[in-house]
Structure formats: structure tokens, C-alpha cells
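Novice: Chains as they are written, first to last, in my numbering: chain B, 32 to 416; chain F, 2 to 187.
None of these hints come from the bench; they were simulated from the model.
Owing to the predicted nature of the structure, the values given are computational and were not obtained by experimental measurement.
There are no misleading hints in this set.
Which residues of chain F face chain B? A few of them, derived with a C-beta cut under 7 Å, are:
{"id": "1", "residue": "M2"}
{"id": "2", "residue": "E3"}
{"id": "3", "residue": "L6"}
{"id": "4", "residue": "E58"}
{"id": "5", "residue": "F59"}
{"id": "6", "residue": "V62"}
{"id": "7", "residue": "I65"}
{"id": "8", "residue": "L66"}
{"id": "9", "residue": "A69"}
{"id": "10", "residue": "G70"}
{"id": "11", "residue": "V74"}
{"id": "12", "residue": "A149"}
We treat Cβ as the ideally placed atom computed from N, Cα and C, and that holds for glycine.
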Amino acid sequence: MPTMTLTQTLVMGLIQIVAVLVLIFVMVPLLTFAERKVIGYVQVRLGATRTAGGHRGLTGALNRGMWAMGKVPVLSILRGLPVFIADILKLILKEDIIPEKADRAVFTLAPILSVMAAFGVFSAIAFYPGVLFTFPAGFPVVGGLPFMGFISDVNVSLLYIIGLASVGVYGIVLGAWASNSKYPLLGGLRSAAQIVSYEVPLTLSLLVPVVLSGSLNFREMSLRLATGEGMSWLATFPLMAGFLIYTTCGFAETNRTPFDLPEAENELVAGFHTEYSGMKFGFFYLAEYTNMIVVSTFASGFFLGGYHFLPFGLQRFIPATVPFFGQPSLIFFFGKVFFILFTYLWVRATLPRYRYDQLMDVGWKYLIPLTLVNLFVAALIRFAY
Amino acid sequence: MEHLLETLGRNMFGIFGLLALAGAAFMVTARSAVHSVLAFLFTMLCVAGCFLSLEAEFLGVAQILVYAGGIVVLFLFVVMLVEISKFKQKARLEVFQNQSRVAIVAVLAGVAAFAGVFRNAIFGKASPDALVLRPELARGLDVAKQNAQAVSRGLFADYLLPFEILSVILLVALVGAVVLAKSERV
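Modelling step: build the complete structure from the supplied sequences, incorporating the hints.
Specialist: Printed below as a string of C-alpha cells:
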């Protein structure tokens with residue numbers, strides 16, 4: 032890799048950041064749309080089928096014509112896909128209300144903190160272990176330089192990511208407090224208690240890959256765990272258990288069903304974001320879905336084999352000479368990410384919400400002992416090998 | 002552009018340090034306890050930035066993880082649940098309470114002690130070697146690349162006993178806090 036000047040590093044970093052942002056802003060709306068459809072089909076209905084639009088304007092004229100002919104409006108060919116554009120427009124155009132008794136500064140800061148913590152994580156995630164493509168030589172400033180599959184290659188990236196995740200709790204707690212209202216405060220406290228409790232088993236379950244791979248770097252861990260380099264074949268079992276525990280805790284960390292008590296609508300109106308509207312609410316929404324993507328990236332990178340085809344260190348059975356399945360690829364990584372995102376929706380459509388005491392029981396009485404045993408087994412395997 | 006970036010990079014430590022000081026000042030003077038906590042969070046993140054600018058990545062990230070993440074969440078809990086009602090009872094809150102004279106003396110003593118300890122480190126000649134606990138333990142380690150390993154050798158090989166004693170002290174503090182909190186209810 033050619034050495035880069037500081038300007039080139041900066042510009043390259045900015046390009047990569049914009050690329051990741053575009054990825055997030057494409058994936059999140061599509062994810063919300065997928066949520067409607069997947070849950071719809073699981074519950075034997077069609078979900079969003081049409082964006083009929085109004086009766087005015089160009090689409091309105093088309094729609095009226097279609098209805099007049101006794102057909103479903105033209106936009107429904109896309110199976111309701113434009114709904115996600117309508118969703119975004121609604122969030123952006125809605126009036127932004129700050130309650131009179133709210134703490135204005137903190138009220139504004141809270142969604143920003145949430146989104147900042149959620150987006151910041153991506154700077155340490157490696158989407159691909161090597162060079163994705165090289166800029167052509169004539170390109171201004173960054174000509175001839177490689178575009179890597181990661182923004183920064185920090186050697187303690189795992190700790191950085193866990194640290195930022197805990198900063199993300201502030202957004203929720205502060206937003207809840209600043210609303211100066213009962214239900215948000217209750218929701219915020221629930222959320223904080225829940226996230227703080229589940230952070231323990233989450234971090235402990237991530238220690239299993241750390242112990243087995245002997246690294247804290249996302250890229251290195253992912254590669255070593257997938258190929259099982261320097262690991263006993265027994266390591267597959269703690270990895271499998273770790274994957275189940277990690278995804279469970281990940282669901283709790285992102286406040287998704289069955290752990291969505293902070294926004295239990297039948298008890299708390301809408302939980303911590305009751306008083307929020309417009310794009311401030313949109314930011315919380317964005318942060319939640321971005322966190323889902325982050326959890327999926329983690330589960331994919333550490334447990335499901337990341338850039339390689341087979342999960343849990345089983346990739347060693349496919350020699351690197353096999354043309355497609357033996358090589359690391361972006362397709363495998365994102366395929367796994369999408370699978371876990373789908374699991375999120377699947378679980379949401381299937382499982383009912385926990386009661387609060389059950390939630391705490393699951394966290395403290397079952398998950399933490401389980402992770403400790405799992406970690407012990409992993410350490411034994413590492414030690415014996 | 003290149004020159005500007007280089008200057009900026011060289012002064013990153015100073016920039017983060019000043020920001021941390023500003024955050025700390027705001028934390029002390031803020032009227033609302035939650036604003037204080039926010040300023041404290043900002044200060045901790047800036048201190049983490051200081052560590053990162055010195056290439057101590059592990060320390061910087063541990064700073065975020067432990068202080069910004071863990072401790073301040075608990076702090077926030079306490080502030081939200083306990084302190085607010087007390088604050089509202091007082092009509093007017095002095096920024097500097099009446100113990101300010103004692104505080105000034107304590108701060109001066111602290112500054113003197115700090116200067117005594119770090120005089121050499123700040124004003125003396127820069128050491129050619131990195132500051133390591135026992136150099137022979139760090140041999141064969143690229144400290145800039147293997148932060149975590151270097152710190153863990155210090156903690157778990159060199160200073161194991163003080164480290165364990167420290168954790169017992171923390172446990173004592175934890176038990177003490179539980180006892181104090183419980184006694185209020187009786």
C-alpha cells in the first residue's frame with residue numbers, strides 16, 4: 032500500500048464515511064419497509080401493498096384513472112415500496128415540537144447523542160478485510176489509492192464499539208429526562224436498567240471470540256474465527272452457544288421485541304420518545320435501526336464467519352483454492368447481516384413481550400451464568416490446545 | 002492544507018486537553034445536575050481523545066468504556082432519582098458555596114503536590130524511551146501496536162498484588178454504598 036499524505040488520508044476517510052452513511056441511509060428505510068412486509072406475511076396478510084397517494088398531482092391523476100378503470104393504482108406494482116419514501120417524507124416534514132416545560136438543550140442533544148453513538152461504531156467495523164477497489168490514477172487527490180473495506184483499523188476496535196454502545200444509552204435516558212413527563216421518564220429508566228443489565232452478558236459473550244482468536248481487532252478476529260486458524264475444532268461449540276447468547280442480548284440492547292419494554296405502547300404510550308416528533312423522533316428511530324444493523328454486523332463478523340462462507344470456524348473444511356466459496360467476499364458478509372436482520376423481524380412477528388420481572392430474570396439469572404460457563408469452556412479449549 | 006493538518010495533528014493533545022478543561026469548568030458551575038453529568042461525559046470523552054492523540058488506544062477506549070459508559074450511567078441514575086427534589090427546594094443556588102475557602106486551599110495543595118510529582122515529567126528533558134513500568138517486561142512488544150498486551154503485562158504480571166487489592170477496595174466501596182442506600186428505607 033502506498034504511503035498517504037495527511038490530506039489524502041483525510042479525503043479518503045471522508046469518502047469512506049460518506050459511503051458508509053449512504054449505506055446506512057439506504058438500509059434503514061428499506062429495513063422499515065421490510066419490517067412491514069415480513070410481519071405482514073408472517074401474520075398471513077399482505078402488509079403494505081400500495082401507496083395510493085392523493086387524488087391530486089401526477090400520481091393522483093394516475094391513481095384516479097386506475098381506480099376509475101377498476102384496477103389497483105399503478106404504484107402498487109412496486110408492492111408498496113414507495114411507502115418507505117412516504118415514511119421519510121413524513122418524518123422530515125412533520126412539525127418539530129419541543130414541549131414548553133422540557134429542558135430545551137438536553138431535549139435537542141439527546142437524539143443527536145443517540146445517532147452519533149450508533150453511527151460512530153461503523154468507523155471500527157471492517158466490511159471487507161482488504162482492498163475493495165483502487166481509485167483510477169487520474170482521480171483528484173486520491174488517485175491510485177486503494178479503497179479499503181474498513182474506515183480505520185484500530186487494534187482495540189471491539190472495546191471501542193462496546194464503549195460507544197454504552198454512550199448510546201445516554202440518548203435514551205437524557206431524552207426521557209428532558210421531556211419532563213411521566214411516561215418518557217418511566218420508559219427511559221426501564222431502558223437504562225435493561226441496557227445496563229444486558230450489557231454484561233453481551234460483553235461476556237463477545238469475550239468468547241476474543242479468547243479464541245486472541246485479538247481485539249474486528250478484521251483479524253473475523254478472519255481468524257472463520258478459518259479457525261490456530262483454534263481447536265472444539266472451538267465451534269462455544270462459538271455456537273455464544274452466537275445464540277449474543278443475538279439474544281443484542282435484541283435486548285436494541286430494545287426490540289420481545290425486549291421492547293421501554294416503548295411498551297399499552298403501558299407507556301410510546302416510552303422514552305413520547306414527547307418527540309418530527310426528525311428528532313426520526314433520529315431515535317434511525318439510531319434504533321442502525322443499532323440493529325450494528326448487532327447484525329457483529330454476529331455476522333464474529334460468529335457466522337464474516338467474509339467467509341461457512342460459520343463458526345468451519346471454513347477450514349473448504350480449501351482456499353475453491354473458486355468462490357473458498358475466498359472471502361462481501362456477498363457472504365452482507366448475506367449474513369441480512370439474515371440476522373430478517374431474524375429480528377421474524378422474532379418480532381412471533382414472540383410476545385416479556386414482563387418486566389421476567390426480563391430481569393432472563394438477564395441476570397440465566398444469561399449471565401450461561402455466558403460465564405461458555406467463557407470458561409472457551410478458555411479451557413484455548414488453554415488445552 | 003498539508004501543513005495545516007500537520008499542525009492540527011501535532012496540537013491534538015492540547016486541543017482535547019483545553020476542551021476537557023472547559024467541560025470540567027462547566028460541570029462544576031452548571032446549575033442543573035443533569036447538565037453537570039453531560040459536561041462530565043464531554044470531559045471524559047475529551048480525556049479519551051487526549052489518550053488517543055498519544056497513541057494510547059487501549060487507555061483511550063477504556064476511558065470511554067469505563068467512565069463515559071459505565072460510571073456516568075450510574076451517576077445519572079443517582080442524579081435523576083435522588084438529587085432533583087433537593088435542588089428544587091432551595092430558592093437560589095450559589096455557584097460557589099460557603100466552603101470555597103477550604104476548597105481553594107485544597108486545590109492549591111493539590112496543585113503543589115501534582116507539580117512536585119510531575120515537575121520532572123513536564124519541565125525536564127523528554128525521555129528517549131517510552132514510560133513503561135518495567136522495561137524488561139515490555140521487551141519484544143511493539144507498544145504502539147499492542148497497547149492492550151502492554152497494559153495487561155503491567156496489570157497482571159508486574160503489579161498484580163496492588164491491582165487485586167484495589168479491586169477489593171472497590172468491592173468494599175460497593176458494599177458500603179449498598180449499606181448506606183439501604184439504611185434510608187428503614
